[in-house]
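Residue numbers (this note's numbering), protein chains in the order written: chain A, 4 to 310; chain B, 21 to 458.
The set of hints was computed from the structure by calculation and includes no laboratory data.
No experiment lies behind these values; they were computed from the predicted model shown.
A virtual CB, placed ideally from N, CA and C, is assigned to each residue, including glycine.
Do not take every clue at face value.
[What the hints assert, rightly or not] Some chain B residues judged to face chain A by a derived CB distance under 7 Å, without partners named:
hint : residue
1    : His50
2    : Leu235
3    : Lys347
4    : Phe351
[To be verified] Reference excerpt, derived from the structure (chain A facing chain B, CB under 8 Å, subset only):
hint : residue
5    : Thr88
6    : Leu89
7    : Leu90
8    : His108
9    : Ala110
10   : Ala111
11   : Ala113
12   : Leu116
13   : Thr191
14   : Pro194
15   : Ile197
16   : Asp199
17   : Ala231
18   : Pro234
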Amino acid sequence: MQHLLGIEGLPPADINHLLQKAEEMVAVSRQVEKKRHTLSGRTLVNLFFENSTRTQSSFEIAGKRLGMDVVNMAVQNSSVKKGETLLDTALTLNAMRPDLLVVRHQAAGAAELLAQKMSCSVINAGDGAHEHPTQALLDALTIQRRKGTIEGLTVAICGDIAHSRVARSNIHLLNAMGARVRVIAPSTLLPSGIEDLGVTVFRKMEEGLPDCDVVMMLRLQRERMTGAMVPSAREYYRYFGLNEERVSLARQDAIIMHPGPMNRGVEIASGIADGMQSVIVEQVEMGVAVRMAVMEALQAPDPRAAQ
Amino acid sequence: MKKTIKSKPPRRRLFLNARVIDPSQNMDIHADVLVERGKIAQIGKGLPRDSSQADSKVFDCKGHVLAPGLVDMRVFIGEPGGEHRETIKSASKAAAAGGVTSIIMMPDTAPVIDDVALVEFVRQTANEKSRVNIRPTAALSRGQNGTEMTEFGLLRDAGAVAFTDGERTVADAQMMRRALTYARDFDALIIAATRDESLGGGVMNAGLNATRLGLPGIPREAEVIPLERDIRLVAMTKGRYHAATLSTSDSVEVVAAAKARGLDVTAGVAIANLTLNENDIGPYRTFFRVSPPLRHEDDRLAMVEGVRSGAIDVVCSNHNPQDDDTKRHPFAEAADGAVGLETLLAASLRLYHTEDIPLMRVLECMTTAPAQRLGLERGTLKTGSPADMVLFDPDEPWVLREQDLRSRSKNSAFEGARFQGRVLKTIVAGRTVFSRDV
Numbered sequence: 004m005q006h007l008l009g010i011e012g013l014p015p016a017d018i019n020h021l022l023q024k025a026e027e028m029v030a031v032s033r034q035v036e037k038k039r040h041t042l043s044g045r046t047l048v049n050l051f052f053e054n055s056t057r058t059q060s061s062f063e064i065a066g067k068r069l070g071m072d073v074v075n076m077a078v079q080n081s082s083v084k085k086g087e088t089l090l091d092t093a094l095t096l097n098a099m100r101p102d103l104l105v106v107r108h109q110a111a112g113a114a115e116l117l118a119q120k121m122s123c124s125v126i127n128a129g130d131g132a133h134e135h136p137t138q139a140l141l142d143a144l145t146i147q148r149r150k151g152t153i154e155g156l157t158v159a160i161c162g163d164i165a166h167s168r169v170a171r172s173n174i175h176l177l178n179a180m181g182a183r184v185r186v187i188a189p190s191t192l193l194p195s196g197i198e199d200l201g202v203t204v205f206r207k208m209e210e211g212l213p214d215c216d217v218v219m220m221l222r223l224q225r226e227r228m229t230g231a232m233v234p235s236a237r238e239y240y241r242y243f244g245l246n247e248e249r250v251s252l253a254r255q256d257a258i259i260m261h262p263g264p265m266n267r268g269v270e271i272a273s274g275i276a277d278g279m280q281s282v283i284v285e286q287v288e289m290g291v292a293v294r295m296a297v298m299e300a301l302q303a304p305d306p307r308a309a310q
Numbered sequence: 021m022k023k024t025i026k027s028k029p030p031r032r033r034l035f036l037n038a039r040v041i042d043p044s045q046n047m048d049i050h051a052d053v054l055v056e057r058g059k060i061a062q063i064g065k066g067l068p069r070d071s072s073q074a075d076s077k078v079f080d081c082k083g084h085v086l087a088p089g090l091v092d093m094r095v096f097i098g099e100p101g102g103e104h105r106e107t108i109k110s111a112s113k114a115a116a117a118g119g120v121t122s123i124i125m126m127p128d129t130a131p132v133i134d135d136v137a138l139v140e141f142v143r144q145t146a147n148e149k150s151r152v153n154i155r156p157t158a159a160l161s162r163g164q165n166g167t168e169m170t171e172f173g174l175l176r177d178a179g180a181v182a183f184t185d186g187e188r189t190v191a192d193a194q195m196m197r198r199a200l201t202y203a204r205d206f207d208a209l210i211i212a213a214t215r216d217e218s219l220g221g222g223v224m225n226a227g228l229n230a231t232r233l234g235l236p237g238i239p240r241e242a243e244v245i246p247l248e249r250d251i252r253l254v255a256m257t258k259g260r261y262h263a264a265t266l267s268t269s270d271s272v273e274v275v276a277a278a279k280a281r282g283l284d285v286t287a288g289v290a291i292a293n294l295t296l297n298e299n300d301i302g303p304y305r306t307f308f309r310v311s312p313p314l315r316h317e318d319d320r321l322a323m324v325e326g327v328r329s330g331a332i333d334v335v336c337s338n339h340n341p342q343d344d345d346t347k348r349h350p351f352a353e354a355a356d357g358a359v360g361l362e363t364l365l366a367a368s369l370r371l372y373h374t375e376d377i378p379l380m381r382v383l384e385c386m387t388t389a390p391a392q393r394l395g396l397e398r399g400t401l402k403t404g405s406p407a408d409m410v411l412f413d414p415d416e417p418w419v420l421r422e423q424d425l426r427s428r429s430k431n432s433a434f435e436g437a438r439f440q441g442r443v444l445k446t447i448v449a450g451r452t453v454f455s456r457d458v
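The following block holds chain A by itself, in its conformation from the complex (with noise of 0.2 Å):
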């Protein structure tokens, strides 16, 4: 593997091995000495046009504990204001000799465009509406750890699956994985074409919901609660955020994830996010385990370093 650049078309066995190696990190992480040099003296470097404070600790400090020196660069203030091309943007930096770049931007496309232009492994945080695969596998990583298995679980992604690259990711990833995957949301929130992605499609959580393992909210961007693709927030949770009643529709032991960051009282009731069945905080400790994961099997790490 040289790039992760999503999650489609991805073997199981590759997706179980990054799991496994994650597991591993999650141990790792653990320890009071977090530090492993199986990366050291390799250069990471996060390239961020769209702002995610979250998404860029977590590859940073990933990052750092291999090993590796982490430059962040966020590009929406620089060079990008200055007219610079995403292309002459990767051409400088690959000119610094990075070992692995981290991109987050918002054209579906940007991940791989780049992948072409550079020398070194580039991995996806994230591209417009298309993917974002650590973020699946921090999910997988967090399912598989609390249901012990993948395979058999119905998991329902509820919200903006038009926007979301973490539902296709999820699906894709879900799918590959032996779930049954549902996607819950109003009909503008679905793009079309989206059960040939191998989805059930409902749009009414009572509907939904029932006999779910695992329940998945995505975040609903600010921008399109106001009339653009639903009229309000509050009309929004009145029928699609999670809320008690709810959460009891689905399996009783079923976990409630969201990718954050979450808007409380619009898509997920403040109750919820911090109750017994919510593993939110969990998946963001799994986020670092996976990409550090991630990292070093694009890397191959120095054998000699490894403990």
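We have chain A; now place chain B onto it with these hints.
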């Protein structure tokens, strides 16, 4: 080559031993073609080889197809304003290499061709620098703003062959109504793009592929709705209307129904929508980002059937040169468009080789049909008409390489494509403007 442009053609040229196909006369015969003073003088078998005169030339066509030169009804050129993408001169070289003898130029330049002086600029530049005929269209509205009509009468007298807002769809129904009504008094043709700007704000065909790629889709209705609106306005105004480039099966039905009602409506299709589909986009290949977008295979098949049945009249290249600055971006941020002048004939021959459309019909849609629709005395080999011709081998296999493109921009959707059928010679008014050494 400048010499070729300006030099006088030989007084008399004889093209021997050709398979002469002329859709305007439904002619497909083995014959010789005599050209005198740049015009078709005679077509017949065993014409006398009078080589006694010094300015007489004889050329053996070796049984290859000699047809009217192509009239490409939708070509975008960067001059004025975008000369780094394409000039009139570079477009004309590309056209000549593709067997295109007449370019119908869209007014989407900077500034927009909406004024007599600009029409004259194009005609004059074409006269000086182009080896093929270049006929400008003029904008339908000032600056293509969609609100104020241009001077149809003056522009037509200056040489504009039709009125169109080019890539832009006229959003305002009242504006379209007035344009159709006013154009009628000048017997002028309105050419319209049909892509609703709000509904069609995406970047590729709506559907599973767009959803997978996470790209905003353009639903088929974004084309059908403005088309249906325009056709109702044609019925209301009795105007002359040509839908520039259609891409969906529903559009074909709408046009066929309009024709059945006797409306003065014709339609075109870009070669890309006849030979490619949305799957060709693969992993975000921006050279396949075109407008109208590549659709589902079912739509492609419907377009092919539309051409075969006659519901669709014209096949065009939709030549739209874009350079790295506009194409080497993430798919959603790249510009629409692909070059096509040099591949129009070769790509269209695919439809003949797959036996979907007879050769005569394929050629008609790129010669006689557009010429007649625009009222041009081209696209025909009738005696007395200008000797604009293309000689091609319908079977020669070849592969398109980027470095062979003569267009200043290299954004071809057919890079690396295998073709069967190749242009050997292009003749404009009796002059050879392109010749492949064979």
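Verification of the supplied hints:
Interface hint at histidine 50 of chain B: violated, since its Cβ lies 51 Å from the closest Cβ of chain A, which is beyond the 7 Å cut-off. With a least beta-carbon distance of about 5 Å to chain A, the hint placing leucine 235 of chain B at the interface is held under the 7 Å criterion. For the restraint placing lysine 347 of chain B at the interface with chain A, the shortest Cβ-Cβ distance is roughly 11 Å, beyond the 7 Å limit, so the hint is violated. Look at phenylalanine 351 of chain B: its Cβ gets to within about 5 Å of chain A, closer than 7 Å, so that hint holds up.
Nearest Cβ of chain B to the Cβ of threonine 88 of chain A: about 7 Å, under the 8 Å cut. The hint holds. Checking leucine 89 of chain A against chain B: minimum C-beta separation of about 6 Å stays under 8 Å; hint holds. At a threshold of 8 Å, the smallest CB-CB gap from leucine 90 of chain A to chain B is about 5 Å, leaving the interface hint in force. Evaluation of the histidine 108 of chain A hint against chain B yields a held restraint, the C-beta minimum of about 7 Å falling below 8 Å.
A least Cβ separation of about 3 Å between alanine 110 of chain A and chain B falls short of the 8 Å threshold, and the interface hint therefore holds. Residue-level restraint check for alanine 111 of chain A holds (minimum Cβ-Cβ distance to chain B is 4 Å; threshold 8 Å). Restraint check, alanine 113 of chain A versus chain B: the minimum CB separation of about 4 Å is within 8 Å; hint holds. Of the supplied interface hints, the one on leucine 116 of chain A holds, with its beta-carbon coming within about 6 Å of a beta-carbon of chain B, less than 8 Å.
Taken as an interface hint, threonine 191 of chain A does not check out: its beta carbon lies about 13 Å from the nearest beta carbon of chain B, beyond 8 Å. Satisfaction of the interface hint for proline 194 of chain A is found here, the shortest Cβ-Cβ separation to chain B being roughly 4 Å, below the 8 Å cut-off. For isoleucine 197 of chain A, the shortest C-beta to C-beta distance to chain B is roughly 6 Å, which falls under 8 Å, so the interface hint holds. For the restraint placing aspartate 199 of chain A at the interface with chain B, the shortest Cβ-Cβ distance is roughly 5 Å, inside the 8 Å limit, so the hint holds.
The beta carbon of alanine 231 of chain A comes no nearer than 12 Å to any beta carbon in chain B, farther than 8 Å, and the hint placing it at the interface is violated. At about 18 Å, the closest approach between the beta carbon of proline 234 of chain A and any beta carbon in chain B exceeds 8 Å, and the interface hint on this residue is violated.
Of the numbered hints given earlier, the model fails hints 1, 3, 13, 17, 18; all others are met.
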